[in-house]
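Okay, here's what each chain looks like letter by letter:
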Amino acid sequence: MTQTTSGTATVTLPADNQILITREFNAPRHLVWRAYTTPDLVKRWWAGEKGTVTSAEIDLRVGGRWRYVMTANGGFEVAFHGEFRTIEEPGLLVNTEAYEGIPDPDGHAGLVTVTLTETDGRTHLEMLCEYNDKTDRDAVIESGMEGGMQESMDALEKVAVSLG
Amino acid sequence: MARAATTTDAFNAVAEPRRRQILDLLAQRERPVNDLVELLGLAQPQVSKHLRVLREVDLVRVRDEGRQRMYRLNAEPLKPIHEWLRKYEQNWNERFALMDDVLDELKENDDDPDD
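Here the protein sequences come in this chain order: A and B.
Going left to right, the first sequence walks through residues 96 to 259 as our numbering numbers them.
Going left to right, the second sequence walks through residues 70 to 184 as our numbering numbers them.
Okay, chain B solo, but in the shape it has when bound (with noise of 0.2 Å):
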């Protein structure tokens, strides 16, 4: 089944390696793209690329300063993402929570380790 396409929601935005990276870099402070281009080690295109389809879902605002833009991190539209895969860690938390008391078990009765 087709998906949206990749600038449509956040989810998808995130999906990307390097626009996550983006983001982290953003979370610091907020920057310039030539920053950007230097810590990513990426041409200016690409990271332009990057900060279009981030933008779009608003995930990243810019102002003008000078001469020079400045891209900075908006974390509302990761909300979502984040509220979507707490159940799903709460599933395993719950489930690791119980391997530690098999954990507990096993380390006392473990006299003769195999390792």
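Just chain A, with the same shape it has in the complex (with noise of 0.2 Å):
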């Protein structure tokens, strides 16, 4: 029986515009790097539990671009794009990260760098995600907390409620 639970992600500020999230994995790096470049796979994990992943395109070459969509649990949508910048399968991955949901989702596009290492079998993951600036960075953790969720969803309904 394989052992699912390979640990627990730990987030770490390492600079004021910069998110540390490092994970390990009980598996290989090459299917650790599988799970995270393929479409299909991602489609299972990248929402987490906070929805179902509706669409997810990657074209995975220097310069192709990337784009994920999700349902979240409230009814909308979510989603994140981007373009790959280096790819070195299947060490080290970096790619930029705009959230749709803001005005000038580019300008405030993060820049993701994931490393993967392989002990016995075991992967180490990596991901150093960098923004312009504090601000940006904030509004990226921000925006993963249950109250921001919330606060968009009622805001939404806000808007949805004039239009109707």
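What the hints contain is simulated information worked out from the structure, not anything from laboratory work.
Remember, it's a predicted structure, so these values are computed and weren't measured experimentally.
We put the CB at the ideal spot given by N, CA and C, even for glycine.
Treat the hints with care, since some could be wrong.
[As the list claims (entries may be wrong)] Now the in silico label distances, taken between C-beta atoms and shown as ranges:
#	chain 1	residue 1	chain 2	residue 2	range
1	A	Asn227	B	Glu152	21 to 27 Å
2	A	Pro198	B	Lys156	20 to 26 Å
3	A	Pro134	B	Arg138	25 to 31 Å
4	B	Glu152	A	Glu195	38 to 44 Å
5	B	Asp93	A	Leu155	38 to 44 Å
6	A	Glu237	B	Glu85	18 to 24 Å
7	B	Pro114	A	Asp135	20 to 26 Å
8	A	Pro109	B	Leu108	53 to 59 Å
[What the hints assert, rightly or not] Quick list of in silico lysine-lysine cross-link-like pairs, BS3-like style, CA-CA up to 27 Å:
#	chain 1	residue 1	chain 2	residue 2
9	B	Lys148	A	Lys145
10	A	Lys145	B	Lys118
11	B	Lys118	A	Lys229
12	A	Lys145	A	Lys229
13	B	Lys148	A	Lys229
14	B	Lys156	A	Lys229
15	B	Lys148	A	Lys138
16	B	Lys118	A	Lys138
17	B	Lys118	B	Lys148
From the two separate chains plus the hints, produce the assembled complex.
Below, the structure is given as structure tokens:
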């Protein structure tokens, strides 16, 4: 029987404009790479418990674009997109990441560097997310909060009602 | 948009890597400033400046012991930061837990490693 729980993610803030996420996986890195970069597999994990991924497009080449859309449990859509900058399978992936729910998504895009290192069949993932400044970084952290989600839903509902 | 000055809240105070190092050292034990100067390899005025910032947000407290001033960590102001990050961390834990399931499946079918 495989051990399913490999560990818990650790989130730290190494600098004003950065978020660093680390996590161990009980699998070799070529498989982590595959789970991370294959649309049908991304669909299965990217939304977490927050909703369902309805679309995952990945054009995995330098300059190629990606776009993920999920329908959150509240019924509204959340979409991110970006561009691949560095691809060194299976150890390094650098891409931009823009949240489409704000004005000028690309102007506030983050740069995400994923490094995978393998030891004894296990993989250590490091995801460094860098933003223009602290304000953008903090907005990303806050967008992940339940309260933030709830507020977006409330705001959306108001807009919907006003349109109706 | 302009942010609050460094000294006004714990969030900003711990954004500086050296100040986080100071907090790590003070988490081990109470220390005089000379200790910190030596361990950090910084000049005393720099260390004192960082300590001043940390004291202003109440992350560090100080008491006199004879001729020395002893600095210690007060972790209470860090609590909101921890809370703030926890939800974000939770999102990633949920994603990665699902990725674990995907990986278990891939491992079973991985007879031909392409690594």
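Look at the Cβ atoms of Pro134/A and Arg138/B and judge whether their distance stays inside 25 to 31 Å. violated, 59 Å
Is the distance from the Cβ of Pro114/B to the Cβ of Asp135/A consistent with 20 to 26 Å? Between Pro114/B and Asp135/A, where Cβ atoms are some 58 Å apart, the hint is violated.
Between Lys118/B and Lys138/A, is the straight-line Cα distance small enough, at 27 Å or below? violated, 49 Å
Hey, Lys145/A versus Lys118/B, does the alpha-carbon distance stay inside 27 Å? The hint is violated at about 44 Å.
When you take the CB atoms of Pro109/A and Leu108/B, is the distance between them in 53 to 59 Å? For Leu108/B against Pro109/A, whose Cβ atoms are near 20 Å apart, the range 53 to 59 Å is violated.
So if I understand the rule, the pair passes when the alpha-carbon distance is 27 Å or less; does Lys118/B with Lys229/A pass? Holds, because 22 Å separates the two Cα atoms, which is no more than 27 Å.
Given the hinted pair Lys118/B and Lys148/B, is their Cα-Cα distance within 27 Å? holds, 23 Å
Between Asp93/B and Leu155/A, does the C-beta distance stay in 38 to 44 Å? Cβ of Asp93/B to Cβ of Leu155/A: about 39 Å, so the range 38 to 44 Å holds.
Between Lys148/B and Lys229/A, does the CA-CA distance stay at or below 27 Å? holds, 19 Å
Given the hint of 18 to 24 Å, is the C-beta distance from Glu237/A to Glu85/B inside that range or not? holds, 21 Å
Holds or violated: Lys148/B with Lys138/A, Cα cutoff 27 Å? violated, 34 Å
Consistency of beta-carbon spacing, Glu195/A to Glu152/B, with hint 38 to 44 Å: Distance hint for Glu152/B, Glu195/A is violated at roughly 28 Å.
The structure does not agree with the numbered hints 3, 4, 7, 8, 10, 15 and 16 stated previously, though it agrees with the rest.
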